[in-house]
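Visitor: Okay, here's what each chain looks like letter by letter:
4 protein chains.
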Amino acid sequence: MDRSIVITKDSRLLVGRDILLLVLAVGSIWIVTFELAFVHQPQLITSAIIYTIDAIFLIHIWIGTRSSHRDQGAKRGGPIQSLYMRRGLGLLLVGTLPIDALFLFIGADLWGISLVLWFRLFRMIRLGLIFDILRQLERSTRSNTAALRIARLITVVTVVLHLLACIWYLIPFIQGFPPDSWPVRYEVVTGGVGMTYLLSIYWVVTTATTIGFGDIVPERGEEYVFAVVAMLVGASLFAYVIAAGASLISSLNLSKVAFWNRVNVVESYLRSRGVRRSVSEQVHQFYEYLWTRRGGLYQDSLLIDLPAPLRLEVMSDLMRDLLPKVPIFRHSPPSLRNELLLALEPVTTQPGGYLATEGDAADGIYFIAHGTVEVVSSDGETIYARLGAGEYFGDLTLLLGERRSASVRSDGFSEVFRLGVDSFERIKSDYPELIDVLTQASQERSSTVAELVLEGVVL
Amino acid sequence: MDRSIVITKDSRLLVGRDILLLVLAVGSIWIVTFELAFVHQPQLITSAIIYTIDAIFLIHIWIGTRSSHRDQGAKRGGPIQSLYMRRGLGLLLVGTLPIDALFLFIGADLWGISLVLWFRLFRMIRLGLIFDILRQLERSTRSNTAALRIARLITVVTVVLHLLACIWYLIPFIQGFPPDSWPVRYEVVTGGVGMTYLLSIYWVVTTATTIGFGDIVPERGEEYVFAVVAMLVGASLFAYVIAAGASLISSLNLSKVAFWNRVNVVESYLRSRGVRRSVSEQVHQFYEYLWTRRGGLYQDSLLIDLPAPLRLEVMSDLMRDLLPKVPIFRHSPPSLRNELLLALEPVTTQPGGYLATEGDAADGIYFIAHGTVEVVSSDGETIYARLGAGEYFGDLTLLLGERRSASVRSDGFSEVFRLGVDSFERIKSDYPELIDVLTQASQERSSTVAELVLEGVVL
Amino acid sequence: MDRSIVITKDSRLLVGRDILLLVLAVGSIWIVTFELAFVHQPQLITSAIIYTIDAIFLIHIWIGTRSSHRDQGAKRGGPIQSLYMRRGLGLLLVGTLPIDALFLFIGADLWGISLVLWFRLFRMIRLGLIFDILRQLERSTRSNTAALRIARLITVVTVVLHLLACIWYLIPFIQGFPPDSWPVRYEVVTGGVGMTYLLSIYWVVTTATTIGFGDIVPERGEEYVFAVVAMLVGASLFAYVIAAGASLISSLNLSKVAFWNRVNVVESYLRSRGVRRSVSEQVHQFYEYLWTRRGGLYQDSLLIDLPAPLRLEVMSDLMRDLLPKVPIFRHSPPSLRNELLLALEPVTTQPGGYLATEGDAADGIYFIAHGTVEVVSSDGETIYARLGAGEYFGDLTLLLGERRSASVRSDGFSEVFRLGVDSFERIKSDYPELIDVLTQASQERSSTVAELVLEGVVL
Amino acid sequence: MDRSIVITKDSRLLVGRDILLLVLAVGSIWIVTFELAFVHQPQLITSAIIYTIDAIFLIHIWIGTRSSHRDQGAKRGGPIQSLYMRRGLGLLLVGTLPIDALFLFIGADLWGISLVLWFRLFRMIRLGLIFDILRQLERSTRSNTAALRIARLITVVTVVLHLLACIWYLIPFIQGFPPDSWPVRYEVVTGGVGMTYLLSIYWVVTTATTIGFGDIVPERGEEYVFAVVAMLVGASLFAYVIAAGASLISSLNLSKVAFWNRVNVVESYLRSRGVRRSVSEQVHQFYEYLWTRRGGLYQDSLLIDLPAPLRLEVMSDLMRDLLPKVPIFRHSPPSLRNELLLALEPVTTQPGGYLATEGDAADGIYFIAHGTVEVVSSDGETIYARLGAGEYFGDLTLLLGERRSASVRSDGFSEVFRLGVDSFERIKSDYPELIDVLTQASQERSSTVAELVLEGVVL
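Here the protein sequences line up with chains Z, H, W and X, keeping their order. Residue 752 is where the first sequence starts when you use this note's numbering, and the numbers rise one by one after that. Residue 752 is where the second sequence starts when you use this note's numbering, and the numbers rise one by one after that. Residue 752 is where the third sequence starts when you use this note's numbering, and the numbers rise one by one after that. Residue 752 is where the fourth sequence starts when you use this note's numbering, and the numbers rise one by one after that.
Bear in mind the hints are in silico, worked out from the structure with no lab data behind them. Small disclaimer: the values here were computed from a predicted structure and weren't measured. Keep in mind that a hint or two might mislead.
Identical chains blur together in the list; that is why a pair holds if it fits in one copy or across any two.
As the list claims (entries may be wrong) - SDA-like cross-link-like pairs, simulated, lysine to any residue; straight-line CA separation at most 20 Å:
1. 1179 <-> 1190
2. 1179 <-> 1085
3. 1179 <-> 1082
4. 1076 <-> 1103
5. 1076 <-> 1137
6. 1007 <-> 898
7. 1007 <-> 941
8. 1179 <-> 1153
9. 1007 <-> 885
10. 1076 <-> 952
11. 1007 <-> 1046
12. 1007 <-> 1053
13. 1076 <-> 1027
14. 1179 <-> 1110
Produce the complete structure using the sequences and hints provided.
Guide: Pasting the structure below:
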């Protein structure tokens, strides 16, 4: 038990670390490409940032290679290690070791750009890491996948737009700004670095959003070629954003749509059959309740998927307040109690719904988990008693083989666990001590029920 | 019962109130931002409107904080109160109290715009309210979610486009219209307020729809920055509209597509197996019937999801015309009648389909709910009798343990409730009085059935 | 039976008629609006066409109001009548009666356009009819909904683009072509009607596809207003086309994706459990077979949805070749045969799969519907016999209570109907004559099986 | 068995061949159209390539018409043959026979373009082949449909863009470059073939991505007409790409979304019921395990779809390591073993979950397939033994009718197959020898279990 709590805490920490790594990876790629395309020479401040980030990454790799986890469940693999290992340690080191620093002192240029900056492009290997981290984050924070899918989309869009903007300016720069190149034509060269970047980004955004104002257009062969590439990449990106968005919205609505479609069919069936408004309103309220409280899943199918050992654990915990209150459970040995717990079927009752009617043959024992039920006369006028959570009825008729001498009506929505007569018989044949338990339990009834019995009400 | 009707009426009233609040919230945001960006000084008429809306909102908040509801079901929470409470009373008051009115008499300006108008921007807090109201409306008018999702989409689009248009004009205005700003270049300043707003909206729509004519383009740093933002916001909005539309259309078609896909598979299976056209046509007609009348849900799974107390209520109402007509039900005590009702299984019969064949062993009692069935000889030629809604057959063979001496064929589609022989036996063992009920009932048969019996037809 | 065939034929005729009405409705709307916007005066030829179409519509309305159908099933309502009635007869007559013809002789103009043409706009009421017809067509040709959804999309797009083009030119025309209006600026007025229409359509398409070249742009207030409207309408249309397309493609892939997703999970489970390749290949082939032949629906769930009377009809037809061949069915009275047919469960066997093993206790009778099975020794080496469609095995062990003395293996995929031992016992208790039938049938076995029995093989 | 492996190998070969055919078909269409539109006269090198491709196709057709396959399963039809046959041999020959070669020596021109090139357009019949191949590839490589759908999309887009570019340039070329045609206006004619093609493609991409820079626009009637067509085609293509992408992404997420939606509902139900964090964490871990290891399919529904003969094959293979280890299976005759295998139900147990509790009545025999379970005292403190894969428990209590005298707890996740007491009784009544088998087996227990028995632990 403790162990799993530790893991949960751990995983929250890991999410923080993953987000930090993500920011660092995106940041270093941004700096490296921006400086190459628009500044052309390494600056002190950026160098400092880059090497700090490198150091952080190196420390993480070192920790990752040293830590070893026992890999038993799905969540226990060491996320740091696996993140790094998946891409191969060598590759990661190439993307992290400050090889470029060597050229800081040599200072050679290539096409007017410092070799330092060219070598720093190795950091773009971290692009793969970004997607690894995003996938890792999705796995560890399942509860909020929508936000993560949006975050991933924004990351992809940002990175692609930025890279396209860098290349769009790099092409004429490397060629030495021919007079018909776009920075010269639109007099961008004279502006500062900021303005240059702004105009590059502006053109790329104009293109990728398929807006295409046409105020900045290519005019030379190389520009046309890159424009075609940028248009195809940009429009594909736009198409991908729309497609991913459509899929995301659909997935958010999936269960809702399926549920309410179904409800609509049921309600229009009832309407077509001339069912009275008061009844169809009860049906509507039930579905409303089901959707708001159970996400549209019928309570009895909620736990049915769980394998028996886990369902037992959940049922024991669900009933942990009832177990000591209900004499039947209190007097049962563990094996019998488990058997009884697994046999309970949940029943949700609408306000005013009848769980039992006077004259009914015994059909099982009902344990009230939530809400209140009223023991009433057959005409529903006289209320003999109210039973709340932790109380139960139906054992007497089952033991004595008599008919019910009162009805039971729900006040508001209530949730009840029912031990059906078939399950009761099955368990009784395996555990004959059940009869003793029931007899013993019947002597420790709550005062409410005891009074009922005195009044001659048999349920 | 009455209570729920009151709630229904109430909720229709509340929908009206919500729509009014929605219009007022959108209207006040529109006026406040429009006046700020394009008029710059408060006008008498707009002030009057704004303060009237404020007053209405204040009254509503006052009512909301005073009214208290019993919160029992999902729908009974007070919608006004919850709407306001969710955002916090303080925040709402900040967005509603006419703080700006103080400056009406002082008259100070900021960047050429009256401080009154700047302070009125607090009304934009109502943006949050708009989405609350839309969510509230969706919940209270479940039946027509498609229309509401479209309404929400249009609201979002309208608000975003308007806000972008305001900012697009505000930027050069605050800077005092530099000669290369877009209103000066395109000679918009000389036009009236209407023309200015029109051109701003025109540019924003051109951009957000990703059309991008390019007749109005940014030319200064600030304009480029805002254009990039507007393009990203606008294109995202366009992508969102497409995505939401795709999800909406898919959700409308979801059950239809799933149903007919399935039908196609069944029909192509029958075709591949060489089933005769007349039979496969019957199958097709059945599915057509199922889709048109039941929205594709098989009748027997329509009510199966409802918990027993609610299903009993629905079945009682569905059969309320039959209950007094059918002697079996009339003579049963309530407990037995409930047991019988819950045990009924619906059967839909295609035109010409046989519900029973001469020589069949007793397999249950059939109650006709809709349509007509014909009692015919084994060759189907002689029609002994026609039974309509409210009549039943199958009890004699069950009581006497004999074989059926005639067949029963459906004329047109008919819907029948069947009490299977197994359920019959089970109920009989719990309620031995069932035999008496049946015997008693057999003496009160309808004249049609009585005649049949006289003719020696045993069903 | 005959009746339903008639209806089918009928419905094919009706589809033809609907398509004709659709073409006429679209055509008349196109002519009426085109002539108004671009020709301005009525031409002889178009008048002739319009009045001919009117006449056809009037005749149809007359037929529709006179014909009366018996409305029993979903498909039997008279489609012509309902088409016209839904929109109201009066409204349709307004859209069809040639009121405009009166003005042909008077010849008055409004804003330079003949009043005849203005009055002809009443034909646009047929727009509603177009959607009615498309909905009607979708209902009557369920089998090919994809094509119809595309047809509807194209109709909507065409109509909207055309109408926008008409209005885009009408605005400056009605104003008498101010010098800064777009037809004057772009020198469109001098071109012929065709060129004018072409340029209008060109601008509208440029806008609605969100391409927005920007070579033709608005420049006057009215043009800006209309451009904003056209952009919003056009972009919404484009968004709708994408959204509808996405929904359409998804719906076509829906069952395929769900099926193969599931198969992938099963196969990767088998792989992870180290199941041998030859076994997992068998599983894959089975699913391949299921998808190709059954559209991914497991055979036993194909007919389970059908209500008993219809399932009986289908099963009788599916087995109509076997029924006279199989002695068990031949000797059964109809009631027993029906009972047996409804109790059969289909089993699909993969190539080399064993339906029975030597030493098996009797578990039912197997009727071979398709494919061939081999009766083999327990080691699978010796083949005693081959049984094909129409033969059966398993009755002897059931009758004698003995163990099987040989195995049965499928050669290729085969489909078998199984009468389980439980169903057999249940039917036997209701129909004791089953034993006589089986005994009688065992004397008429096919020569293959008779030989087997002589060899001492008991199945 | 062998046969299916051969087919698998074969199909991998066929995939290679299909990809080659695809490349050749796309390549020849590209060359043929490019040369026609931009080069106008046949070049030696392209002729050589074209005729080589023709030869390869002819050889394939020849092989295809000669090879004959036995068509038994879905995958055994000859793919080459069917590919060619579907389109009709004649049509394919028209598209493949080098009819154009005749004109190589005649050298006549049509509209300034060699007749050779016009006749080569017959190769465009291969467009149909491309889609056949893509469909074929999808069928033979089911495992990776996403990649194939993307490949198909890219092929369609590439082909359409290329063809549009060719026509966009062909129109003015055939008209002899009028002075206001676009190549003259934008001085494209003077550039080389490459530049011409680049600008054509640039315009088409600008249009089809709906970017529409507007730097190259139509100005003559024919150009406007083609531009309208190109815009509609291009925008439809763009819409199709988005729609197909949305459908693709949705389909990839389909099962994931459905699974986690469901898990969220269960977990929020548990939270709303106040279930303790340690229990809900166990539930979460179970679902995590289910998703990672089983793709979200509950193990017991994984194999349930398979028909009995196939399920038996799979179960035998799944248990092939256990079968010889477990004495029960080792001593069972084949029929009994099959019956036992088919009756096993899989149970997944969470870490720390209890499979059995001290005092339990016998409820079945548990075979451990994966993981380890601990036999512990009722308080869970004392560990009597550990049982691993291949061991089993529960037979003693079943045989002796006693209660369990120890509990069994899972260490980590374990997978267990359970033979329920009901199945046990059913099989025992059909195969009385089961008792002998169990008795015999109990004498060959593993030393661990034997020791347990000596210690008096009865399970």
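Visitor: State for each hint whether it applies.
Guide: Status of each hint after checking the structure:
Taking the closest pair of Cα atoms, residue 1179 and residue 1190 come within 20 Å of each other only inside a single copy of the chain (13 Å); across copies the shortest separation is 28 Å, beyond that limit. In this assembly of identical chains, the alpha carbons of residue 1179 and residue 1085 lie at most 20 Å apart only when taken from the same copy (15 Å versus 30 Å across copies). Proximity of residue 1179 and residue 1082 under a CA criterion of 20 Å is satisfied intra-copy only: 15 Å inside one chain copy versus 34 Å between copies. For the identical chains of this complex, residue 1076 and residue 1103 are neighbours neither inside a copy (26 Å) nor across copies (27 Å), given an alpha-carbon limit of 20 Å.
Proximity of residue 1076 to residue 1137 under the C-alpha cut-off of 20 Å is restricted to the intra-copy arrangement: shortest distance 17 Å within a copy versus 36 Å between copies. Proximity of residue 1007 to residue 898 under the C-alpha cut-off of 20 Å is found in both arrangements, the shortest distances being 19 Å within a copy and 16 Å between copies. For a Cα distance limit of 20 Å, the shortest separation of residue 1007 from residue 941 qualifies neither inside one copy, at 57 Å, nor across copies, at 53 Å. In this assembly of identical chains, the alpha carbons of residue 1179 and residue 1153 lie at most 20 Å apart whether taken from the same copy (18 Å) or from different copies (15 Å).
In this assembly of identical chains, the alpha carbons of residue 1007 and residue 885 lie at most 20 Å apart only when taken from different copies (17 Å versus 27 Å within one copy). With identical chains, the CA atoms of residue 1076 and residue 952 are never at most 20 Å apart, being 69 Å at best within one copy and 68 Å at best between copies. Taking the closest pair of Cα atoms, residue 1007 and residue 1046 come within 20 Å of each other both inside a single copy (8 Å) and across two copies (17 Å). Taking the shortest alpha-carbon separations for residue 1007 and residue 1053, both the intra-copy value of 16 Å and the inter-copy value of 18 Å come in at or below 20 Å.
With identical chains, the CA atoms of residue 1076 and residue 1027 are at most 20 Å apart between copies only, with a shortest distance of 19 Å across copies and 41 Å within one. For the homomeric pair residue 1179 and residue 1110, the shortest alpha-carbon distance between copies (14 Å) is at most 20 Å, but the shortest distance inside one copy (24 Å) is not.
Hint check: violations occur at hints 4, 7 and 10; the rest are consistent with the structure.
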